[in-house]
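Asks: Next come the chains, spelled out residue by residue.
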Amino acid sequence: MTRNSMAFWTGAAVFLAAVFVMTQVVGNQYPFFAGYVILQFIALAVAWSILGGYAGYVNFGTSAFYGVGVYSSVFLVKAFGAPLPLQILAAAAIGALMGLALGVLTLRMQGIFFSIATIALTIIIETAITNWRYVGGAAGIQIQRPPVTAPFENYVQMLFFVQALLVVLAVAISRYIQNSWIGRGLQALRDDELAAECTGVPTLRLRLLACVISGALLCAVGAPAAMYLQYADPGSAFNLNYSVTTLAMSLIGGTAHWSGPIIGAILLGTTQQLLTVTISSEVNVLVLGLMLVLFVVGAPQGIIGLVGRLRGKKEGGA
Amino acid sequence: MTSSDAPAPLLRISALTKRFGGFTALSNVSVDIRPGERFGLIGPNGSGKTTLINCISGVFRTEPGTVLFGGEDVTPLQPHQRTRRGISRSFQIPRPFRSMTVAENLMVALDFAAHEHVSVGQRQDSMMSILTQMGLGSKANVSAASLSQVELRKMELARAMATHPKLLISDEAMAGLSSSEVDEVLDLLLSLAGRDITIIMIEHIMQAVMRFSERVMCLDAGRIIALGTPTEVMADRRVQEAYLGT
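So the protein sequences, as listed, match chains A and B.
Residues in the first sequence are numbered from 243 upward in steps of one, following the numbering used here.
Residues in the second sequence are numbered from -3 upward in steps of one, following the numbering used here.
Don't read these hints as lab results, they were simulated from the structure.
Cβ coordinates follow ideal geometry from the N, Cα and C atoms, glycine included.
A few of these clues could be false.
[As the list claims (entries may be wrong)] Think about it this way: if two alpha-carbon atoms lie no more than 25 Å apart in a straight line, the pair counts; the simulated SDA-like pairs of lysine to any residue are:
{"#": "1", "chain 1": "B", "residue 1": "Lys162", "chain 2": "B", "residue 2": "Val114"}
{"#": "2", "chain 1": "A", "residue 1": "Lys320", "chain 2": "A", "residue 2": "Ala335"}
{"#": "3", "chain 1": "B", "residue 1": "Lys162", "chain 2": "B", "residue 2": "Phe56"}
{"#": "4", "chain 1": "B", "residue 1": "Lys162", "chain 2": "B", "residue 2": "Ser125"}
{"#": "5", "chain 1": "B", "residue 1": "Lys162", "chain 2": "A", "residue 2": "Leu436"}
{"#": "6", "chain 1": "B", "residue 1": "Lys162", "chain 2": "A", "residue 2": "Asp434"}
{"#": "7", "chain 1": "B", "residue 1": "Lys162", "chain 2": "B", "residue 2": "Asp121"}
{"#": "8", "chain 1": "B", "residue 1": "Lys162", "chain 2": "B", "residue 2": "Ala231"}
{"#": "9", "chain 1": "B", "residue 1": "Lys162", "chain 2": "A", "residue 2": "Trp423"}
{"#": "10", "chain 1": "A", "residue 1": "Lys320", "chain 2": "A", "residue 2": "Ser478"}
{"#": "11", "chain 1": "B", "residue 1": "Lys162", "chain 2": "B", "residue 2": "Ser95"}
{"#": "12", "chain 1": "B", "residue 1": "Lys162", "chain 2": "A", "residue 2": "Glu435"}
{"#": "13", "chain 1": "B", "residue 1": "Lys162", "chain 2": "A", "residue 2": "Pro444"}
{"#": "14", "chain 1": "B", "residue 1": "Lys162", "chain 2": "B", "residue 2": "Met230"}
{"#": "15", "chain 1": "B", "residue 1": "Lys162", "chain 2": "B", "residue 2": "Thr20"}
[What the hints assert, rightly or not] Covered stretches of chain B, as calculated for chain A (at least 3 residues, CB under 8 Å):
{"#": "16", "segment": "36 to 46"}
{"#": "17", "segment": "86 to 93"}
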């Protein structure tokens, strides 16, 4: 194991330990409610950037994958009373298939056309769920949480820990991809798909792989949300806000490095939570828009790009 | 035609036709290219040179017609599969991976097209030796987006070389270069040819074609109008007509 990997896994272990200790020590429930949302967005942003950042296929369908994750849990709980780990695994499997389907259906689409197709995907799936009575239809559905298992005393605390695990999983996968031949191939196809193909990169297969991995993670992150809210309805599960927020977090953080989406999600997620508490939940949408405009104009490569540029200047290099 | 002592062709193009809607870009093109040959491809603008290259490298599907490479029918294969079999190309307008350094551009080729399993260290060595050979040794860690035109052309060739090609297709690698730069790139191509790499060179600069090629083929409106030694082809009346329009 290289020194970098050692540092990464130590960091991940410390993070998980801290989250675990927090669930045991902190009595107030609010930090877990708010923290869950932030962790969820970190995982979404990291998962999104595998396809949207590395491969450059901008996916506006985060809410489609997220919503399918939510509803696969709803279905499994209602039909079989499935436990949480099974809900997450099943959601990941469904998300992988959905990613594959998206990739195959958009084989010949690039750039903005791919993005439009992903919006269409969201609308189609939301409409289907809205008309599916068994999972509540348009009115939504209430879900009963099962009793919590030790060592957790509260279900939300447990979900908080589970989401932290998903974050570590997503980041580990994203980091692995970036440092491996897969990442180099995705970067090549993002820069120039034809040149990549003629340099020996199996662009089609890599693109599908990115769709599958990103889709599986996005769906898996959505799965625990049904238990978190104890309620699901198509309007909020497939809310376009998830797509926009996730995309904004990744772009503001920067997609050139795996840590970019994490930075973006922490920054925006925390700001949003603070604004929701202090002012209103409407203001955070405004702030999101403003920050996105600021970054697109001032730092198109995100915070990661900004840091890289400053560092480059300091060293006097290009 | 084929005598027993002639080596099997490395590339055999048979009855290749390519249509775009009602327009026939290539019509019934057949040609054999021998291993180690330096082959020049000329023709006026729009005569189908780049289309032929796209059919050989797999960017375009041919209908009908076959491309045999090393005895294997590669017609149904995708471009990356052909690259791995040893067909490599540069682009008329350079297409670098702009977000990467020059070294990383080459590493893409080494990661994906290298035939044998080699260690990362060996790949680094091989990358550096190609860059040095191409005169880009000092540019390894420079961003590809900041290269000059002649450096971009060289990097295109270097990246193509990093795939370990048996056949290298250079699509107007000298267009827009000064005469000293043309000589530089031409010397590079000649040095590659000296290392058992078969090269197809598309070029408008006649001086370069004459100096480089063992055989020259001239296309006009998607058909072969002349094929032979450079002097034969230049003396051909139809070639002169195609170029001068008399």
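Asks: All hints, please: hold or fail.
Replies: Status of the hints after comparison with the structure:
1. Among the hinted pairs, lysine 162 of chain B with valine 114 of chain B is consistent with the structure: their alpha-carbon atoms are about 19 Å apart, no more than 25 Å.
2. Annotation: proposed proximity of lysine 320 of chain A to alanine 335 of chain A holds, straight-line Cα distance about 19 Å (limit 25 Å).
3. A threshold of 25 Å between alpha carbons decides the hint, and for lysine 162 of chain B with phenylalanine 56 of chain B the separation of about 20 Å falls inside it, so the pair holds.
4. A C-alpha spacing of about 18 Å is found between lysine 162 of chain B and serine 125 of chain B, which places the hinted pair at or below 25 Å, so the restraint holds.
5. Of the supplied pair hints, the one linking lysine 162 of chain B and leucine 436 of chain A holds, its CA atoms being roughly 20 Å apart against a limit of 25 Å.
6. For the given pair, lysine 162 of chain B sits about 24 Å from aspartate 434 of chain A by alpha-carbon distance, which is consistent with the 25 Å threshold.
7. With a C-alpha separation of about 20 Å, the suggested pairing of lysine 162 of chain B with aspartate 121 of chain B holds against the 25 Å cut-off.
8. Between the alpha carbons of lysine 162 of chain B and alanine 231 of chain B the distance comes to roughly 31 Å, so the proposed pair goes past 25 Å and is violated.
9. The hinted pair formed by lysine 162 of chain B and tryptophan 423 of chain A meets the criterion: a straight-line CA distance of about 24 Å does not exceed 25 Å.
10. Our distance criterion of 25 Å between C-alpha atoms is met by lysine 320 of chain A and serine 478 of chain A, whose separation comes to about 19 Å.
11. For the given pair, lysine 162 of chain B sits about 28 Å from serine 95 of chain B by alpha-carbon distance, which is inconsistent with the 25 Å threshold.
12. Simply put, lysine 162 of chain B and glutamate 435 of chain A have alpha-carbon atoms about 23 Å apart, close enough for the 25 Å limit, and the pair holds.
13. For the given pair, lysine 162 of chain B sits about 20 Å from proline 444 of chain A by alpha-carbon distance, which is consistent with the 25 Å threshold.
14. Restraint check for lysine 162 of chain B and methionine 230 of chain B: not satisfied, since their Cα atoms lie roughly 28 Å apart, outside the 25 Å limit.
15. With a C-alpha separation of about 30 Å, the suggested pairing of lysine 162 of chain B with threonine 20 of chain B is violated against the 25 Å cut-off.
16. Coverage of a stretch by a chain is defined here by at least three residues with a beta carbon nearer than 8 Å to that chain's beta carbons; for the segment 36 to 46 of chain B and chain A the count is 0, and the condition is violated.
17. Proximity of the segment 86 to 93 of chain B to chain A, defined as three or more residues with a beta carbon under 8 Å from a beta carbon of that chain, is established by the 4 residues found.
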